[in-house]
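Read top to bottom, the protein sequences are chains A and B. In terms of the working numbering, the first sequence is residues 1 to 265. In terms of the working numbering, the second sequence is residues 266 to 420.
If you're looking for bench data, these hints aren't it; they were derived computationally from the structure. One thing to keep in mind: the hints can contain errors.
As the list claims (entries may be wrong) - Listing some non-contacts, in silico: residues in chain A with all C-beta distances to chain B over 12 Å: (1) D13; (2) E14; (3) Q17; (4) G59; (5) G64; (6) T66; (7) A82; (8) G96; (9) Q139; (10) G141; (11) D143; (12) K192; (13) Q216; (14) D225; (15) P233; (16) A245.
Claimed, not checked - In silico SDA-like links for lysine to any residue, alpha-carbon gap of 25 Å or less: (17) B:K338 to A:R8; (18) A:K10 to B:K412; (19) B:K338 to A:D50; (20) A:K10 to B:E333; (21) A:K10 to B:T307; (22) B:K388 to A:A82; (23) A:K26 to B:T307; (24) A:K26 to B:D284; (25) B:K276 to B:T307; (26) A:K231 to A:C207; (27) A:K10 to B:D284; (28) A:K231 to A:Q216; (29) A:K5 to B:V282; (30) A:K39 to B:G334; (31) B:K409 to A:G96; (32) A:K10 to B:K409; (33) A:K26 to B:K388; (34) A:K5 to B:T307; (35) B:K412 to B:T348; (36) A:K39 to B:K388; (37) A:K192 to A:D83; (38) A:K10 to A:N115.
Even glycine gets a Cβ: it sits at the ideal position worked out from N, Cα and C.
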Amino acid sequence: MYALKYHRAKSLDEAKQLISQSEDPKIVAGGQTLIPTLKQRLASPSDLIDIANLPDFAGISVSGDTVSVKAGTKHFEVATSADVQGKIPALAHLAGLIGDPHVRHMGTIGGSLANNDPSADYPAAVLGLNATVHTTERQIGADDFFQGMFETALEENEIITSVDFPAAEKAAYMKFPNPASRYAMVGVFVAKTSGGVRVAVTGAGACVFRVPEMEQALAANFAPDAVASIKVPADDLNSDIHGSAEYRAHLVTVMAKRAVAAAIA
Amino acid sequence: MTTVSMTVNGKAVSEDVEDRTLLVHYIRDHLRLTGTHVGCDTSQCGACVVHVDGRAVKSCTMLAAQAEGADIKTIEGLADGDTLHPVQAAFKEHHGLQCGFCTPGMIMCAVDMIRRIPNLDEKTIREELEGNLCRCTGYQNIVKAIKAASEEMRA
Numbered sequence: 001m002y003a004l005k006y007h008r009a010k011s012l013d014e015a016k017q018l019i020s021q022s023e024d025p026k027i028v029a030g031g032q033t034l035i036p037t038l039k040q041r042l043a044s045p046s047d048l049i050d051i052a053n054l055p056d057f058a059g060i061s062v063s064g065d066t067v068s069v070k071a072g073t074k075h076f077e078v079a080t081s082a083d084v085q086g087k088i089p090a091l092a093h094l095a096g097l098i099g100d101p102h103v104r105h106m107g108t109i110g111g112s113l114a115n116n117d118p119s120a121d122y123p124a125a126v127l128g129l130n131a132t133v134h135t136t137e138r139q140i141g142a143d144d145f146f147q148g149m150f151e152t153a154l155e156e157n158e159i160i161t162s163v164d165f166p167a168a169e170k171a172a173y174m175k176f177p178n179p180a181s182r183y184a185m186v187g188v189f190v191a192k193t194s195g196g197v198r199v200a201v202t203g204a205g206a207c208v209f210r211v212p213e214m215e216q217a218l219a220a221n222f223a224p225d226a227v228a229s230i231k232v233p234a235d236d237l238n239s240d241i242h243g244s245a246e247y248r249a250h251l252v253t254v255m256a257k258r259a260v261a262a263a264i265a
Numbered sequence: 266m267t268t269v270s271m272t273v274n275g276k277a278v279s280e281d282v283e284d285r286t287l288l289v290h291y292i293r294d295h296l297r298l299t300g301t302h303v304g305c306d307t308s309q310c311g312a313c314v315v316h317v318d319g320r321a322v323k324s325c326t327m328l329a330a331q332a333e334g335a336d337i338k339t340i341e342g343l344a345d346g347d348t349l350h351p352v353q354a355a356f357k358e359h360h361g362l363q364c365g366f367c368t369p370g371m372i373m374c375a376v377d378m379i380r381r382i383p384n385l386d387e388k389t390i391r392e393e394l395e396g397n398l399c400r401c402t403g404y405q406n407i408v409k410a411i412k413a414a415s416e417e418m419r420a
């Protein structure tokens, strides 16, 4: 590990102050992506601002049909929460598929979303359920939050505080994990809500994306067959040693079918 | 430099460390508890798993400073004097190791899963072992050992 300065913030205000005072700051919460990234020198911020221990920064609450998850909540808590399992079982299932048990004990929802890894799981749930991301400055809708590879609508000095997930009538997440890393080769989150059907795909492209053609077909007929013949173009999809763009494009349809089947099961 | 204070295997420790010090290096190089291993150093192999506030985490994937105030347990803290912890005894009994490099992480992972999950079946044990790699055993006897320890500890 290269030399850096570590700061433990005691409040959000102090965290923001430390950010503005540092030359090249980075916020750390669980650090399960960030610490490995630093060790590999893929990033080298001068200062780490630790927000993991802020008071009242973790926890899950339910209000009507909305599940609110505070930003510092660990994946393990979301996966095992009776509230999440009861209201949005697909979200609990997704959280239980992230990384491995040790990673889930440390990693946080806020950290995952702020990082917006193209193969991360949480972005699929946030976009698929049309969740709202609350920050120190404002609220951001899911469609506006994710902007590109590792890019979000967050400003330099803006910190995610919580995420509101509306419950769906039916929802499911199907993931084809990379056999080594467990990141999503392709993950598809399907949700049927009062506002319509949403299909969100992670792992396949530079950033999580929706598939409007599948959403329309499922709005007319919420069944696996409805999406069986809908293909996403491979042109802009990821291609690497683990799978070609064509392979990922094929997986999108397969995982979408399986997600719909799981949602109605 | 940062002063870190925590409890390790029931003993309070406090020391000045460089901010960049990983928890695993603090445990091995400063506290000389070398049972916790560094295998891959890339968060994949799980040889470095310790318990932080009762939960299994990868000690190569957090800074010592992040563990400020925490209660840490390493493989050295499991046995009661000369009496092995039931999971350690089960690994010995069921030949759950060959070279032994991954074993500290495997055992800390196993203790954590047995604490969280009642009635562990083979499939669940294999899923729970996703963050721990073994290059010798093919996992068969590791799974057997964890299942036996789980049954014994529930009995």
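For each hint, the structure was consulted:
1. D13: holds, 20 Å
2. E14: With a cut-off of 12 Å, A:E14 remains clear of chain B, as the shortest Cβ separation is near 16 Å.
3. Q17: holds, 19 Å
4. G59: holds, 16 Å
5. G64: holds, 31 Å
6. T66: holds, 28 Å
7. A82: Non-interface label stands for A:A82: nearest chain B Cβ at 15 Å, farther than 12 Å.
8. G96: violated, 9 Å
9. Q139: holds, 29 Å
10. G141: holds, 32 Å
11. D143: holds, 32 Å
12. K192: holds, 28 Å
13. Q216: holds, 36 Å
14. D225: holds, 30 Å
15. P233: At about 33 Å from chain B, A:P233 clears the 12 Å cut-off, so the statement holds.
16. A245: Consistent with the label, A:A245 stays out of reach of chain B, its closest Cβ about 26 Å off (over 12 Å).
17. B:K338 to A:R8: holds, 23 Å
18. A:K10 to B:K412: At roughly 42 Å apart (the allowed maximum being 25 Å), B:K412 and A:K10 break the hint.
19. B:K338 to A:D50: holds, 22 Å
20. A:K10 to B:E333: holds, 13 Å
21. A:K10 to B:T307: With Cα atoms ~29 Å apart, A:K10 and B:T307 exceed 25 Å; violated.
22. B:K388 to A:A82: holds, 23 Å
23. A:K26 to B:T307: It holds: about 20 Å lies between the C-alpha atoms, which stays within 25 Å.
24. A:K26 to B:D284: holds, 14 Å
25. B:K276 to B:T307: violated, 29 Å
26. A:K231 to A:C207: holds, 18 Å
27. A:K10 to B:D284: holds, 18 Å
28. A:K231 to A:Q216: holds, 14 Å
29. A:K5 to B:V282: It holds: about 12 Å lies between the C-alpha atoms, which stays within 25 Å.
30. A:K39 to B:G334: holds, 24 Å
31. B:K409 to A:G96: Holds: B:K409 and A:G96 sit about 24 Å apart, inside 25 Å.
32. A:K10 to B:K409: violated, 45 Å
33. A:K26 to B:K388: violated, 39 Å
34. A:K5 to B:T307: Given that 25 Å is the threshold and the Cα spacing comes to 21 Å, the pair holds.
35. B:K412 to B:T348: holds, 20 Å
36. A:K39 to B:K388: Violated, at about 33 Å.
37. A:K192 to A:D83: Measuring from Cα to Cα gives roughly 19 Å; hence the hint holds.
38. A:K10 to A:N115: holds, 22 Å
Figure legend: structure checked against the earlier numbered hints; hints not met, in rising order: 8, 18, 21, 25, 32, 33, 36.
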